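Engineer: Could you build all of it, start to finish, from the sequences and the hints given here?
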Amino acid sequence: MDASGAISERSITAPSIIDIHRILDQKDERLVSAKKGGFNLDMNIDPYLEKIGLGPSKKLSIKELNIFTRQLELLLSTGIAMLDALDALEQAVVSEKLKNVVQDLRTSVSQGEALSAAMAKNPEAFDNFYVNMVRAGEASGQLPNIFNQVRDFVNRNMDARKKVKKAMRYPTFVIGALFIAGYIQISVVMPKMAKTLFSNMAPSDLPLPTKIMLGIGDFLSQYILVTIFGAVVIFAIVKYIINTPSGSLFWDRLKLNIPKLGGLVQAGIVARFGQILNTLVGSGVKIENALEIASDTVDNKVFEKSLLKARRQVLEGVPLSVALKSDYMPEMATSLINIGERTGALALMLDSVAEYFTAELDDKMDAVMASMEPILTLLITAFVGVFVLAVFMPMVQNMVNMM
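All residue numbers for the sequence shown refer to the working numbering, where the first residue is 2 and numbers rise by one.
Because the hints were derived from the structure by calculation, they are not lab data.
Among the hints, a few may not be true.
[Unchecked claim] Simulated DEER-style distance windows between Cβ atoms:
#1 A118 with E289: 15 to 23 Å
#2 A118 with Q223: 55 to 63 Å
#3 P145 with A118: 17 to 25 Å
#4 G283 with A360: 30 to 38 Å
[Stated by the list, open to error] The calculated lysine-lysine pairs, modelled on DSBU-like cross-linking and capped at a C-alpha distance of 35 Å, are:
#5 K98 with K256
#6 K100 with K122
#7 K310 with K122
#8 K64 with K167
#9 K60 with K98
#10 K60 with K164
#11 K60 with K122
#12 K193 with K64
#13 K166 with K60
#14 K100 with K240
#15 K164 with K256
#16 K212 with K193
#17 K60 with K287
#18 K122 with K302
Only a predicted model underlies this, so the values are computations on that prediction, with no experimental measurement involved.
Yeah, the Cβ is synthetic: ideal placement off N, Cα and C, and Gly gets one too.
Structural biologist: What follows is the structure, given as structure tokens:
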């Protein structure tokens with residue numbers, strides 16, 4: 002029941018009835034009655050699953066973040082108060098995850114906190130870049146305009162991800178189809194052929210390709226569950242190692258050094274870096290603070306270390322274009338930034354960096370796809386060739402023996 006006496010019914014997740022009272026007290030509400038629902042285990046394994054990347058994600062998707070940003074921008078541009086805007090947004094959103102985030106923001110703002118401070122409490126939903134952009138908007142009184150800039154950044158990021166997903170759709174389908182076809186041929190087709198076509202041949206007389214395929218088929222038919230379990234365990238171990246500081250650094254460096262793909266990854270990171278720095282600097286954030294925020298959001302440990310090193314050098318008086326020079330920062334990016342520093346148009350040149358490397362990303366993606374087509378064709382040919390050899394070699398050998 003709220004302060005006006007209106008009674009409402011809803012679900013609240015809390016470990017005890019005391020915690021439910023505490024949650025309702027924060028909203029100036031009183032508990033009338035409650036009943037336990039659902040099924041709960043005392044042991045929560047979610048934190049352990051999250052460590053290896055298998056737990057439920059609390060992070061907002063780019064689509065959800067885009068919806069939140071666009072709707073809040075529209076509401077605030079009409080001139081309504083922040084609390085009223087969050088109330089309206091809470092009623093409008095469909096996603097349960099996003100609704101919970103908005104509820105948390107509304108609770109904090111109703112207690113007198115700034116929106117940026119409320120967002121900082123939820124780093125899984127709002128990264129350092131987002132929080133600092135909102136903070137800059139609060140300081141300048143231009144929050145709707147800031148949300149417009151953030152939305153533009155989120156849209157660019159979403160478009161880039163869509164392009165990558167679209168580019169990977171064909172090779173993923175082909176490789177997946179090869180795995181399925183390979184499993185059927187090795188575990189179903191070949192054993193049946195062995196019982197009919199090769200039944201008169203001793204196992205030791207079979208050609209090597211046939212022996213290999215029949216051996217793999219026997220193993221899969223007997224140990225398929227063990228194989229799947231082993232693959233899941235290996236995947237979990239690899240995910241855990243990659244999530245460690247040294248493991249993530251090694252993995253991010255490896256991605257940058259893979260032929261063809263490394264250039265694609267680099268172009269994507271530099272384009273994102275240019276967008277972030279342009280948005281922050283254009284909003285009045287100091288360059289050293291912008292570099293620190295950018296290091297948190299580039300999503301690559303190698304670039305993160307490089308940007309933090311550049312920040313230290315900038316604080317010592319080194320020009321940004323000089324401080325950013327490294328083995329992985331393209332010379333074109335530092336040259337454009339140098340022009341921006343000399344002409345006093347740094348934000349404009351950072352936008353040029355973002356545009357240039359976004360176009361570079363598209364070109365490199367096309368090049369990678371063009372190079373993948375012959376590789377996929379070669380894989381399909383090799384797969385068919387091995388299967389044909391495994392089937393026809395014993396048949397030819399049978400014919401020779403009969404002659």
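Engineer: Decide, hint by hint, whether the structure agrees.
Structural biologist: Checked hints:
1. Between A118 and E289, the C-beta spacing of about 22 Å keeps the proposed range 15 to 23 Å intact.
2. For A118 paired with Q223, a C-beta distance near 59 Å keeps the hint of 55 to 63 Å intact.
3. At about 19 Å, the CB distance of P145 to A118 agrees with the hint of 17 to 25 Å.
4. At roughly 21 Å, the beta-carbon separation of G283 and A360 lies outside the given 30 to 38 Å, and the hint is violated.
5. A C-alpha spacing of about 32 Å is found between K98 and K256, which places the hinted pair at or below 35 Å, so the restraint holds.
6. Taking the CA atoms of K100 and K122, the gap is about 16 Å. The hint holds against a cut of 35 Å.
7. A distance of roughly 27 Å separates the Cα atoms of K310 and K122; the hinted pair therefore holds under the 35 Å criterion.
8. Distance hint between K64 and K167 is fulfilled; the C-alpha atoms sit about 16 Å from each other, no more than 35 Å.
9. With a CA separation close to 9 Å, the supplied pair K60 and K98 stays within the 35 Å bound.
10. Between K60 and K164, the direct Cα distance comes to roughly 22 Å. Compliance with the 35 Å bound is thereby established for this hinted pair.
11. For a cut-off of 35 Å, the pair hint linking K60 to K122 stands: about 13 Å separates their Cα positions.
12. Straight-line distance between C-alpha atoms of K193 and K64 comes to about 49 Å, which puts the hinted pair past the 35 Å bound.
13. Restraint check: the Cα-Cα separation between K166 and K60 comes to about 19 Å, which is no more than 35 Å; the hinted pair holds.
14. A distance of roughly 30 Å separates the Cα atoms of K100 and K240; the hinted pair therefore holds under the 35 Å criterion.
15. Distance restraint check for K164 and K256: the Cα-Cα separation of roughly 19 Å lies within the 35 Å cut-off, and the hinted pair is therefore satisfied.
16. With a C-alpha separation of about 14 Å, the suggested pair K212 and K193 falls inside the 35 Å cut-off, and the hint holds.
17. As the CA atoms of K60 and K287 are separated by approximately 28 Å, the hinted pair is consistent with the 35 Å bound.
18. Distance restraint check for K122 and K302: the Cα-Cα separation of roughly 23 Å lies within the 35 Å cut-off, and the hinted pair is therefore satisfied.
This entry does not satisfy hints 4, 12, going by the numbered hints stated previously.
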